[in-house]
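Let's have the full structure, built from the sequences with the hints guiding it.
Below are the chains, spelled out letter by letter.
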Amino acid sequence: MSEAAMKIINLKKSIGKKEIIKGLDFEIHKGEVFGFIGPNGAGKTTTIRMMVGLMKITDGDVHILGKSIKQDYKEAIKEVGAIVENPEMYPFMTGMQNLKHFARMIPGVTMENIKEVVSLVNLEKAIHDKVGKYSLGMRQRLGIAQALLHHPSVLILDEPTNGLDPAGIREIRHYVRRLATEKNVAVIISSHLLSEVELMCDRIGIIKNGELIAIQSVNDNEQMEPEAITVQLEVRPANKAIELLKTNHQIDATLTRGLVTLQIGREQIPNIIKTFVEHDVSVYQVEIPKSTLEDKFFDVIGESVNG
Amino acid sequence: MGNLFKLTYNEIFKIYIQKSTWAMYILLAILLIGLGILSNTMGDYTDYTEENWRTELQAENEKLTEEMEQDEFMQGYNSSVIAKNNYYLENDIQPVGYGAWQFVMENQLFLSIVSLFTIVVAGGIIANEFRWGTIKLLLIRPISRSKILLSKFIAVLLFALVTLVFVIVLSFIIGALFFGIEGLNPSIVIEGANGLEYVSVLGQVASGYGFKLINLVMMATFAFMISSIFRNSALAIGLAVFLMMAGSSIVSFFADKEWAKYILFANTDLSQYANGAEPWIEGMSLSFSVTMLIIYFIVFVVAAWSVFTKRDVAGN
Chain A
1 MSEAAMKIIN LKKSIGKKEI IKGLDFEIHK GEVFGFIGPN GAGKTTTIRM
51 MVGLMKITDG DVHILGKSIK QDYKEAIKEV GAIVENPEMY PFMTGMQNLK
101 HFARMIPGVT MENIKEVVSL VNLEKAIHDK VGKYSLGMRQ RLGIAQALLH
151 HPSVLILDEP TNGLDPAGIR EIRHYVRRLA TEKNVAVIIS SHLLSEVELM
201 CDRIGIIKNG ELIAIQSVND NEQMEPEAIT VQLEVRPANK AIELLKTNHQ
251 IDATLTRGLV TLQIGREQIP NIIKTFVEHD VSVYQVEIPK STLEDKFFDV
301 IGESVNG
Chain B
1 MGNLFKLTYN EIFKIYIQKS TWAMYILLAI LLIGLGILSN TMGDYTDYTE
51 ENWRTELQAE NEKLTEEMEQ DEFMQGYNSS VIAKNNYYLE NDIQPVGYGA
101 WQFVMENQLF LSIVSLFTIV VAGGIIANEF RWGTIKLLLI RPISRSKILL
151 SKFIAVLLFA LVTLVFVIVL SFIIGALFFG IEGLNPSIVI EGANGLEYVS
201 VLGQVASGYG FKLINLVMMA TFAFMISSIF RNSALAIGLA VFLMMAGSSI
251 VSFFADKEWA KYILFANTDL SQYANGAEPW IEGMSLSFSV TMLIIYFIVF
301 VVAAWSVFTK RDVAGN
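Residue numbers (UniProt numbering), protein chains in the order written: chain A, 1 to 307; chain B, 1 to 316.
The reader is advised that the hints may include incorrect statements.
Pairs of lysine-lysine residues, derived as BS3-like cross-links and limited to a Cα-Cα distance of at most 25 Å, are as follows [said to hold, decoys possible]: (1) A:K70 - A:K17; (2) A:K56 - A:K70; (3) B:K310 - A:K22; (4) A:K183 - A:K67; (5) A:K56 - B:K310; (6) B:K147 - A:K100; (7) B:K6 - A:K74; (8) A:K70 - B:K147; (9) B:K310 - A:K115; (10) A:K70 - B:K310; (11) A:K130 - A:K100; (12) A:K22 - A:K7; (13) B:K147 - A:K74; (14) A:K12 - A:K70; (15) B:K19 - A:K133; (16) A:K56 - A:K17; (17) A:K7 - B:K84; (18) A:K12 - A:K208; (19) B:K310 - B:K147; (20) A:K17 - A:K67; (21) B:K257 - A:K100; (22) A:K208 - A:K56; (23) A:K67 - A:K30; (24) B:K147 - A:K56; (25) A:K67 - B:K147; (26) A:K208 - A:K17; (27) A:K183 - A:K74; (28) B:K6 - A:K100; (29) B:K310 - A:K17; (30) A:K74 - B:K310; (31) A:K18 - A:K30; (32) A:K130 - B:K310; (33) A:K67 - B:K310; (34) B:K19 - A:K18.
Chain B is faced by these chain A residues, among others (derived, beta-carbon under 7 Å) [said to hold, decoys possible]: (35) M55; (36) K56; (37) K78; (38) V84; (39) E88; (40) F92.
The hints are simulated quantities; they were obtained by calculation from the structure and are not laboratory data. All residues carry an ideal CB built from backbone N, CA and C; glycine is no exception.
This is how it looks when you write it as structure tokens:
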């Protein structure tokens, strides 16, 4: 699990005098799904293009199974399957012709491999139809099939949920999870919508203005929980409660929409309630507004959901 | 080498699976058949036999002279036919009738259309990958960009070759059907650089097509370069076709300039040196033109290559 499939080392990209990617450093492990999240224009696609050699690396390096994409391009890229931006294929060719076309570009891909990926993405029925007639979801699946032809160790999917309906997204999630668990593939998924990929990722890296500003595990609650949480109390009388908090606990609380709001550590809550009970303050409700990963994401990148 | 073959196969596959390519061949076939029918109905082709060819030629000459007196418009063409007929008579050579080989020889004009189609293919072969977005999937393989570019260039040349063979073979078949085959290696009298000459038709086919192929390859390479640099097929095709059409006008426009002989189009027609004829511009020679062609070719290829291999493939 912990072995690094891809290592990004101080990766930088400048175009002209402008530095677009400002030194990224992170690792993606085998069998892990890594969400690469950031608003549009943050540098996700640029980073991905550098990972696969479509763009020159200004400084730093990308190692794939220990091989440098700069020095040892052919050996490194052999281990990578990718869809960069949209899953574009030749529209005048059938799905099968497209797959065969790309299979010819990689040594050692057999007809068996082609059949295997077609069945993995459930495209058997439409595989002999022209890609021009495919729906976006089908093209996305064909794109994944194409990326898996040569059993790569690293799968890169750039905005795979773009333009897909919820059913399509669920389908992608299903394939991605299966690949990571069953085939031990390291999967990198970029998206500007955290909510769409949150459920399929093990870890999330957030990029903003070309810098990685946070990496966190999706299921690790403790790490996500900050020291002080917001607590809202429905108490009567509210003024007395605020005063008590000030005198007995040295906590500044405010009254918003009839609720006493304060920032405290989780462990302090029982003590506060005890104080209230002792001083005849009635407690009707204690609420900790749950902040989702998405709120966190926007907290970190400093943008509101609506903005 | 194995994967260069596969890459070239891919490129050829992509060219020939597109309907627009088939439209090109259908158009060529229609034009060739049409020309065959037209020549068959308009022309007056006599079969010359051992006994009667002398009287046939004399009769032809009389008829042509008469026609010339009535219609001045026909003067140029008729007098050249009479001159050729006289050449046969004077040298006592029995002329061959019109046939498939001569039809093939005359159809070397079709090479302009082959050039046009090759330019369309060359102009699109890189630009289209960018337009379709498939360039990204093409370049993330364990294959160097140089090799991918090379496979595309080979595919363009193969397309030109196949189309050329198509024109020659179809011309021969149509010629054979309409006019018959005039022998294995017929010879005819033509107007060469030094007056009338008695030459092999096959030799004329080879040199006629061969000399025009140089221009075809140069313009296709030019379109290929523009396609690589600007990723825009319309620009590549437009520029290349324009230059192909206007090439000789450009040369004659600047003919009095010192540097005119360095213009590509002053050098693409090597037939100007055939049979010891005088070149268009003073100071030019066969080796000069060949050197210029090689320099232009290398410049085109290096420009296409350096842009293609170094470019950052970014979004559109």
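Do the hints match the structure? See the list:
no.: 1; hint: A:K70 - A:K17; in the structure: 22 Å, holds
no.: 2; hint: A:K56 - A:K70; in the structure: 8 Å, holds
no.: 3; hint: B:K310 - A:K22; in the structure: 22 Å, holds
no.: 4; hint: A:K183 - A:K67; in the structure: 21 Å, holds
no.: 5; hint: A:K56 - B:K310; in the structure: 8 Å, holds
no.: 6; hint: B:K147 - A:K100; in the structure: 19 Å, holds
no.: 7; hint: B:K6 - A:K74; in the structure: 17 Å, holds
no.: 8; hint: A:K70 - B:K147; in the structure: 18 Å, holds
no.: 9; hint: B:K310 - A:K115; in the structure: 35 Å, violated
no.: 10; hint: A:K70 - B:K310; in the structure: 13 Å, holds
no.: 11; hint: A:K130 - A:K100; in the structure: 14 Å, holds
no.: 12; hint: A:K22 - A:K7; in the structure: 16 Å, holds
no.: 13; hint: B:K147 - A:K74; in the structure: 13 Å, holds
no.: 14; hint: A:K12 - A:K70; in the structure: 13 Å, holds
no.: 15; hint: B:K19 - A:K133; in the structure: 16 Å, holds
no.: 16; hint: A:K56 - A:K17; in the structure: 15 Å, holds
no.: 17; hint: A:K7 - B:K84; in the structure: 80 Å, violated
no.: 18; hint: A:K12 - A:K208; in the structure: 14 Å, holds
no.: 19; hint: B:K310 - B:K147; in the structure: 13 Å, holds
no.: 20; hint: A:K17 - A:K67; in the structure: 29 Å, violated
no.: 21; hint: B:K257 - A:K100; in the structure: 55 Å, violated
no.: 22; hint: A:K208 - A:K56; in the structure: 21 Å, holds
no.: 23; hint: A:K67 - A:K30; in the structure: 15 Å, holds
no.: 24; hint: B:K147 - A:K56; in the structure: 18 Å, holds
no.: 25; hint: A:K67 - B:K147; in the structure: 22 Å, holds
no.: 26; hint: A:K208 - A:K17; in the structure: 19 Å, holds
no.: 27; hint: A:K183 - A:K74; in the structure: 22 Å, holds
no.: 28; hint: B:K6 - A:K100; in the structure: 11 Å, holds
no.: 29; hint: B:K310 - A:K17; in the structure: 19 Å, holds
no.: 30; hint: A:K74 - B:K310; in the structure: 16 Å, holds
no.: 31; hint: A:K18 - A:K30; in the structure: 34 Å, violated
no.: 32; hint: A:K130 - B:K310; in the structure: 33 Å, violated
no.: 33; hint: A:K67 - B:K310; in the structure: 21 Å, holds
no.: 34; hint: B:K19 - A:K18; in the structure: 45 Å, violated
no.: 35; hint: M55; in the structure: 4 Å, holds
no.: 36; hint: K56; in the structure: 6 Å, holds
no.: 37; hint: K78; in the structure: 5 Å, holds
no.: 38; hint: V84; in the structure: 5 Å, holds
no.: 39; hint: E88; in the structure: 3 Å, holds
no.: 40; hint: F92; in the structure: 6 Å, holds
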